[in-house]
Structure formats: structure tokens, C-alpha cells
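Enquirer: Residue 318 in this note's numbering sits at position 318 of the sequence shown, with consecutive numbering throughout.
Quick caveat, the hints were computed from the structure, so don't treat them as lab data.
Just so it is clear, the structure is predicted and the values come from calculations on it, not from any experiment.
Hints are supplied without guarantee of correctness; some may be wrong.
[To be verified] Simulated pairs of lysine-lysine, DSS-like, Cα-Cα distance not exceeding 30 Å:
# : residue 1 : residue 2
1 : K297      : K120
2 : K303      : K158
3 : K120      : K74
4 : K74       : K22
5 : K120      : K22
6 : K74       : K158
7 : K297      : K74
8 : K158      : K297
[To be verified] What follows is a list of derived Cβ distance ranges for each label pair:
#  : residue 1 : residue 2 : range
9  : F315      : G79       : 22 to 32 Å
10 : G198      : G329      : 19 to 29 Å
11 : R339      : P47       : 46 to 56 Å
12 : T224      : T252      : 58 to 68 Å
13 : A311      : P47       : 52 to 62 Å
14 : K303      : R105      : 34 to 44 Å
15 : P101      : V290      : 18 to 28 Å
16 : F315      : E189      : 24 to 34 Å
17 : A55       : R76       : 39 to 49 Å
Ideal placement from N, C-alpha and C gives every residue a C-beta, glycine not left out.
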Amino acid sequence: MSVIERIPTVSAKTPPNDTLIKNAWYVAAWSNELTQSLLARRIVDEPLVMYRTAAGQAVAFADRCPHRRYPLSKGRLIGDRLECGYHGFTFDPSGTCVAVPGQSRVPGSANVRSYPLVEKQGAVWVWPGDPALADASRIPEHPWVTDWWSITGRAYLKGRAMLLIDNLMDLSHETYLHGNNIGSREVAETPIEAESDGSVVRVTRRMLGVECPPLYQQTTGLQTPIDRSQEIAFYAPCLYVLSIRVAAAGDTGPGYRSKVLYAITPETARTTHDFWAICNAARDRDDHSVDQMMIDKHNGVVKEDLDALEALEAFIVTEEDGAPEVSLGIDRGGLLARRVMADLARAELG
């Protein structure tokens, strides 16, 4: 049975939801963003302050002093301790208050909440939910960020995270939004295969003897026709990995392999951190000659996506819930991702 035959043509579904799932691991920063300076970032509506100790340990706790709720990110580090910039309450890396002004006794209620934090393969992951449920083995593997040549960045979406997930699960939009960069007509015309396994959704598209988009001509030297494949793995609710292979048509070798990662981290119900990485198997890890060109190219792609999604967010908030949508075979991966995300939200709500 074809993918198109497995789904209805019209689905009276609500627009992508804005439910926040807190019992999950999210990327809060790339490793190179975290230094011995204070970094403020809101993750799943939790205000965090993060920094590194002198020994390099990553630390995250609530960006709110328990005294008068002043943002701790506006304080200063004294060694490994954070001093509030308002009244001087001082906290060690665990969030324990170790000093207050005017008295030697520190109230037991003066501690701040610390968050489980794991630094892994170039990313800093945080668990904003119930700390008793934080199992680091549930963090998806992403070794290409550190093992391959890679560049990383972060964008900001004024829209809900599910819109970005929808966008990335259906790459047919490359034909229309990114035609001057990575898109070609065959992306929209080629059917997909899609499946889900637990909280992982996979989508595959294989294109043989097709047009070589401008970016691949520039970065690989290939010319039309090429063989091209896109294999998506979405590890709900956060990590998206797109595995790409391009090669001259008929070439059965490894070709040019790359990975495009997106860590989709809600800031609030209607705003999203978009952490991205481009990883390439063929380039020397220490060769940075094309870093800026690739950053500029990818930022162009990301901007095209964000402009479209922010326009969509602005429209969605004016509509009534339950507005009908037309879905096609190309939407199979996105619909599976919506279902998995809804299941996670329901499970968290009990």
C-alpha cells in the first residue's frame, strides 16, 4: 500500500499544538557557548542561568534569586560561586546558598533549584522536568558534531516548536522555499517512506538521476544528474537528524555524506530555540576554510524557514481551534511526528 493511500486526503486536525513537554532532555546550548561567564536562557518556560566552573563543569540553575526574584544572570561569578547582583546572596554550583548579607545563618529556603545537566558530543542537555525522571541514557546519540567536520549555530523562531518540526519532517518545501540553494523539483515530486517506532519517526526519500541543486554544485563539484537521498530520524521531542548522500548518477560508492542536525528546544509555548549543526564526513575536521561560507549558506536557508513559520504562527493564533487541514502523502512523517508529540504530552499530563 502506498504512503498516500495510508492517510486521509483531508484531516480536520487542529493547528500544530503549543503544549510544552518538560519531562525530556533538551539542548540548552552548544558546548562552545558555555564559558566562565553567565549565560541566561529560557528553556521550556524555565528561566535558567548557566556557566562553567574553573574545572570546566557545566552548571545550570534557576535564574531567579529566592530573595527578591532578581535574575541571577545579572550577578557575577566569584570563582565557582554566583553572587546575586541585587543583594549579594551567593550560591555554589549546586544552587546551595552559602552566604547572605548581614547575618551568618543562611536560611534553608534560600537555595535555588538546580537542573540535571549533561554535556555530550558537543551539546549541553538539560532536563527541565521532574529531576527524579532524568535518565541520561535517553539522550539521543549525535557523535557527528564532534567526530566529523562540523559547524554549529542557533536561530530564534517567534513561533511554536511544532511548526519547526512540521517543516523539517516534510522536506518537499525545499523545492519552493529553498530553490536557489538546496531545493529542486524532484524533492517535491518524489514519494516518501515513513514509519514510527516508539518516540522515533523516520522518513526516507531517494531520488535517482535528478537535478543537482546550487549548493551541492558549489560544495561537491557535482553536476546534473546526481543520485540524492534524504533520511530523517526525529527523536521526539527534541532532536532531528537528516542524513544526506549525494553522488554522481549511478555511483554506488559512499558519495558525499553529511548530517544536518536540529535541536528543537521550546523557549515558551510560542517561541523556539533552533540549534543547528552541519556535519560532513569527507572534510578534514581541522579544515575551517569553508566554515563561514557554509554558515552563511545555512543561515540563508534557516531565515527562509523562519520567515515562513513566523508568518504561519501569526496566522494560526487568529484562527479557531480545529481548523481543517488538507494532508497528502508527503505529510506522512509530519503527521506521525504530531502523533508522537501528542502522545508524549498526554503521558506527561497523566
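Enquirer: Each hint needs a verdict: does it hold in this structure or not?
Expert: We went through each hint and held it up to the structure:
Proximity of K297 to K120 is assessed by CA-CA distance (about 27 Å); at most 30 Å being required, the pair is judged to hold. As the CA atoms of K303 and K158 are separated by approximately 12 Å, the hinted pair is consistent with the 30 Å bound. Among the hinted pairs, K120 with K74 is consistent with the structure: their alpha-carbon atoms are about 27 Å apart, no more than 30 Å. Of the supplied pair hints, the one linking K74 and K22 holds, its CA atoms being roughly 25 Å apart against a limit of 30 Å.
Restraint check for K120 and K22: the C-alpha separation of about 20 Å stays at or below 30 Å, so the hint holds. Of the pairs offered as hints, the one joining K74 and K158 holds, with about 24 Å between alpha carbons and a cut-off of 30 Å not exceeded. Straight-line distance between C-alpha atoms of K297 and K74 comes to about 34 Å, which puts the hinted pair past the 30 Å bound. With a C-alpha separation of about 21 Å, the suggested pairing of K158 with K297 holds against the 30 Å cut-off.
Judged by the Cβ atoms, the range 22 to 32 Å given for F315 and G79 is violated: they are separated by roughly 50 Å. For the hinted restraint 19 to 29 Å between G198 and G329, the CB-CB distance of approximately 23 Å keeps it satisfied. For R339 and P47, the hinted distance range of 46 to 56 Å is not satisfied, since their beta carbons lie about 31 Å from each other. Under the hint 58 to 68 Å, the C-beta atoms of T224 and T252, about 19 Å apart, miss the expected range.
Between A311 and P47 the beta carbons are some 28 Å apart, a value that contradicts the proposed interval 52 to 62 Å. Our hint of 34 to 44 Å for K303 and R105 is violated, since their Cβ atoms are close to 54 Å apart. Range check, P101 to V290: Cβ separation about 53 Å, and the 18 to 28 Å hint is violated. Range check, F315 to E189: Cβ separation about 27 Å, and the 24 to 34 Å hint holds.
At roughly 19 Å, the beta-carbon separation of A55 and R76 lies outside the given 39 to 49 Å, and the hint is violated.
The structure is inconsistent with the numbered hints 7, 9, 11, 12, 13, 14, 15, 17, although it conforms to all the rest.
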